[in-house]
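Colleague: Here is what each chain is made of, one letter per residue.
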Amino acid sequence: MIPKAFLKRLRNLPDIDLIEDLSRLKVYESDGLTALAVVPPAVVLPHNRIALEAVLSLCHEQLVPMVIRGAGTGLSGGATPLANGLLISLAKFNRILEIDASGFKARVEPGVTNLAISQAVEGLGLFYAPDPSSQIACSIGGNVAENSGGVHCLKYGLTLHNVCGLKVLLADGRLLHLDDDQLWSDGFDLLALLHGSEGMLGVIVEVTVNLLPIPDAVTVLMAGFDSTEAAAHAVSAVIAEGVLPAGLEMMDRLAIQAAEDFVAAGYPRDADALLLCELDGALDDIEGMVNRVSSVLQGSGAKSLARADDAASRARLWQGRKAAFPAVGRLAPDYYCMDGTIPRRHLANVLAAIAERSTHYGLRVANVFHAGDGNLHPLILYDVNAEGELKRAEAFGADILQICLAHGGTITGEHGVGLEKIDQMCVQFSEVELGVFHAIKAAFDPQGLLNPGKAVPTLNRCAEFGAMHVHHGQTRHPELPRF
Amino acid sequence: MDDMRSIVQQIEAAGTEGAQVCPQGGGSKAFLRSSEDARIVSTSAHTGTLHYYPDELVIRVRAGTRLTDLQEEVAHQGQFLPFDPPHLGVESTVGGVVAAGLGGSARPFWGGIRDYVLGVKVVLPTGQVAVFGGDVMKNVAGYDVSRLMVGSMGSLGLILELALKVLPEPEATRVFTLPMSPADAIRTIQLHRGRPGLSAAVFFKNVLYLRFSGTHQQLAQAENRLAGAINTDSDEVIRKIQNLDFPVQHHLWRWDASQAEPIECSELIAFDWGGRLRWLDSHLAPSIATSSGVLTCFKPGQGELPARSMRTDTVGWIQERLKFALDPQSRFISYPSFRVST
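These protein sequence lines are chains B and D, in that order. When the letters of the first sequence are read in order and numbered with this note's numbering, they come out as residues 671 to 1153. When the letters of the second sequence are read in order and numbered with this note's numbering, they come out as residues 142 to 483.
Careful: at least some of the hints might be erroneous.
Derived lysine to aspartate or glutamate pairs resembling DMTMM-like cross-links, with alpha carbons at most 20 Å apart [what the hints assert, rightly or not]:
id: 1; chain 1: B; residue 1: K825; chain 2: D; residue 2: E310
id: 2; chain 1: B; residue 1: K973; chain 2: B; residue 2: D950
id: 3; chain 1: B; residue 1: K825; chain 2: D; residue 2: E312
id: 4; chain 1: B; residue 1: K1061; chain 2: B; residue 2: E1026
id: 5; chain 1: B; residue 1: K825; chain 2: D; residue 2: E177
id: 6; chain 1: B; residue 1: K775; chain 2: D; residue 2: E310
id: 7; chain 1: B; residue 1: K973; chain 2: B; residue 2: D940
id: 8; chain 1: D; residue 1: K440; chain 2: D; residue 2: E461
id: 9; chain 1: B; residue 1: K825; chain 2: B; residue 2: E690
id: 10; chain 1: B; residue 1: K775; chain 2: D; residue 2: D256
id: 11; chain 1: B; residue 1: K825; chain 2: D; residue 2: D422
id: 12; chain 1: D; residue 1: K440; chain 2: D; residue 2: E177
id: 13; chain 1: B; residue 1: K973; chain 2: B; residue 2: E899
id: 14; chain 1: B; residue 1: K674; chain 2: B; residue 2: D691
id: 15; chain 1: B; residue 1: K825; chain 2: D; residue 2: E402
id: 16; chain 1: D; residue 1: K440; chain 2: D; residue 2: D454
id: 17; chain 1: B; residue 1: K1061; chain 2: B; residue 2: E1134
id: 18; chain 1: B; residue 1: K762; chain 2: B; residue 2: E699
id: 19; chain 1: B; residue 1: K825; chain 2: B; residue 2: D691
id: 20; chain 1: D; residue 1: K346; chain 2: D; residue 2: D386
id: 21; chain 1: B; residue 1: K992; chain 2: B; residue 2: E911
Simulated from the structure, these hints should not be mistaken for laboratory data.
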């Protein structure tokens, strides 16, 4: 599927590992979205920047499409291989290049794992704030490509807010250096544009992250509620109080039960909704914050309230949340993790609509929710071996995204579009808006060699898909022929 | 008031008549434009808050809303705009603030405008209306066009609406006044970096002003560390520097450099952002600033202007390609030439 002449020249490049045998290629057939698997014709692991540049320029010259892969933990198929393209793994770019403690910065290669950064600077009293649940494995380059979030976004922001510099190789091999020394420079904010660009605009070869002082004190509060409505109300009340928690997470009954069965975190089994609220700050401040938030939670109808101050008991409370996905995974052979964001005031309506769809499809769903910032992760339970269940799960998932859109939300909060949500892009965006995305892509990568077919659908694809959907009472893309 | 229809009509008419469009809010930052014969399309009648949910920390406003009105509205709910932009005129609008993308004194500590923009509605150079981002904190569908609009200087489209993230206001503010040399000021700032609550570090006329905004406990800690320094709850001097409210003889230059870059020179009027933003008053390009960082002739004064140009690195190259991709017929003004070659 890749020209033989190309492969021959590739084999002659220095400082690369090249994988061509089927058994080893299988390792790379999918990212975290395992339902989509394509065995790539070849995988290359460049050892250094020069070798990577040589691979890129060969692909550019021979017009061979490329997919860039970090740790392969992405959940939307952004790193799913192409049958006719080269998969380039940046796994060997795993060095921390420089730690500048007085400047609160670290310069790292893209293959360094998210957690490794915080571990490397812990002794200096610093940390890197964004912490996606996969932080033990996911790479910082992938975090930038997906603009990853995590449980601490409410206070500390997304990857975008915590990265101050990038070096990016464009498809033609040019180096784009977005300097971290200036907070302002003449020109467009390309640093923001590259975040969440899903490997479509360039290859990230170096990342400079901002570091923060580790807070002196941290406390986690856990509150159980009789209903998700009451818990959602409590979230609003905490924020209205003027406190900005480091993390504010919600779980519904099924997720609570599953987590408790799995890790025995000490969650209240009789609760219909659970809130975990992490507060951090200076030693002098923390007690005041804890008191204010505790009384807000009680005033909002919390049926139980517990607190954890030391690291071990905090970790125990968080463990149930962080293990929620595998915990729910024990309830059924397969689960499908969704990732919509909604304005929080619509939470009760959205959960009711999801419950209704759950009955309709005959599939159970557990809800885990970054409640502070409105990011919902419904986990649809299914059995891939049961006739038609995968199809039903996918249809259910698509319905959930439509429900999020209907409530003024978005189809993806932090997992990205990739291949998974590409059809829903046609619902969220008009042809004019998609045209802007295509124009941006063409400005960076005119030949369309980087990750083609991902993240932004073609108008033809939308016409095919859009025939099924009517948005705001109007048919989308009326200018295109339909089937 | 909703003035969208008229704005779109003006842009369409300009397209038909072959006139180039220059979006404008209150016009307080008109000096940032390179002089061009463009037709002004004003957003100043497109005003008002569309919705504001304090407990979701999100407000959506029309772009012509005055910055002062927006700040007043969120202050009523005990909230604020953490990017706290410069006020370069009372008529300054939210759309203009975002299009110019200028950060206030809190920029290094609380982030810039781009860190708080959640969504935009824009009129593209084609006259078509498009919506990007949304009203939610987490949103990774499509490229981040909302943030691309921040600081694009009206060259990629006209901003109609903005969704912004707001935060709870700090409990209190204190400003410490420390007379010293510029070099000592840089060393002092370095000592306080990363301290909770530090929200501005500005130097003017041989005085360093350190502003702390936070909880009463944080301010008490700052007071202990800075025992003996005069302190007040007014940040008037900091705001004067942030708002460029100081006399300039010649041209006003901005030099964006790393904090470590030496700072002593006769042209220096003030510095902000803990030393990373330096304001210089000079007729010619100040020689000290030619060694590193980015030097721009920011606000021209009287007399001959130095030759200014676009940047010519890969960033400049991509920028030109982006502008061409989104506005192939140059219906909107180009990004201004700021840079003075060094």
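Colleague: For every hint, state whether the structure bears it out.
Modeller: Results for each hint:
In summary, the hint linking B/K825 to D/E310 is supported, as the alpha carbons are separated by about 14 Å, within the 20 Å threshold. With a C-alpha separation of about 24 Å, the suggested pair B/K973 and B/D950 falls outside the 20 Å cut-off, and the hint is violated. Restraint check: the Cα-Cα separation between B/K825 and D/E312 comes to about 17 Å, which is no more than 20 Å; the hinted pair holds. As the CA atoms of B/K1061 and B/E1026 are separated by approximately 18 Å, the hinted pair is consistent with the 20 Å bound.
Straight-line distance between C-alpha atoms of B/K825 and D/E177 comes to about 43 Å, which puts the hinted pair past the 20 Å bound. Proximity of B/K775 to D/E310 is assessed by CA-CA distance (about 27 Å); at most 20 Å being required, the pair is judged violated. As the CA atoms of B/K973 and B/D940 are separated by approximately 10 Å, the hinted pair is consistent with the 20 Å bound. Proximity of D/K440 to D/E461 is assessed by CA-CA distance (about 23 Å); at most 20 Å being required, the pair is judged violated.
Only pairs whose Cα atoms come within 20 Å are accepted, and B/K825 paired with B/E690 is rejected, the gap being roughly 45 Å. In summary, the hint linking B/K775 to D/D256 is supported, as the alpha carbons are separated by about 18 Å, within the 20 Å threshold. About 39 Å separates the Cα atoms of B/K825 and D/D422, which puts this hinted pair outside 20 Å; it is violated. Of the supplied pair hints, the one linking D/K440 and D/E177 holds, its CA atoms being roughly 16 Å apart against a limit of 20 Å.
As the CA atoms of B/K973 and B/E899 are separated by approximately 14 Å, the hinted pair is consistent with the 20 Å bound. A threshold of 20 Å between alpha carbons decides the hint, and for B/K674 with B/D691 the separation of about 15 Å falls inside it, so the pair holds. For the given pair, B/K825 sits about 31 Å from D/E402 by alpha-carbon distance, which is inconsistent with the 20 Å threshold. The straight-line distance between the Cα atoms of D/K440 and D/D454 is roughly 23 Å, outside the 20 Å bound, and the hint therefore fails.
For the suggested pair B/K1061 and B/E1134, the alpha carbons sit about 18 Å apart, so the restraint of at most 20 Å is met. Note on B/K762 and B/E699: the hinted pairing holds, with a Cα-Cα distance of about 19 Å set against a maximum of 20 Å. Of the pairs offered as hints, the one joining B/K825 and B/D691 is violated, with about 46 Å between alpha carbons and a cut-off of 20 Å exceeded. For the proposed pair D/K346 and D/D386, the alpha carbon gap of about 14 Å is at most 20 Å, so the pair holds.
A distance of roughly 27 Å separates the Cα atoms of B/K992 and B/E911; the hinted pair therefore is violated under the 20 Å criterion.
Checked against the numbered hints listed earlier, the structure breaks hints 2, 5, 6, 8, 9, 11, 15, 16, 19, 21; every other hint is satisfied.
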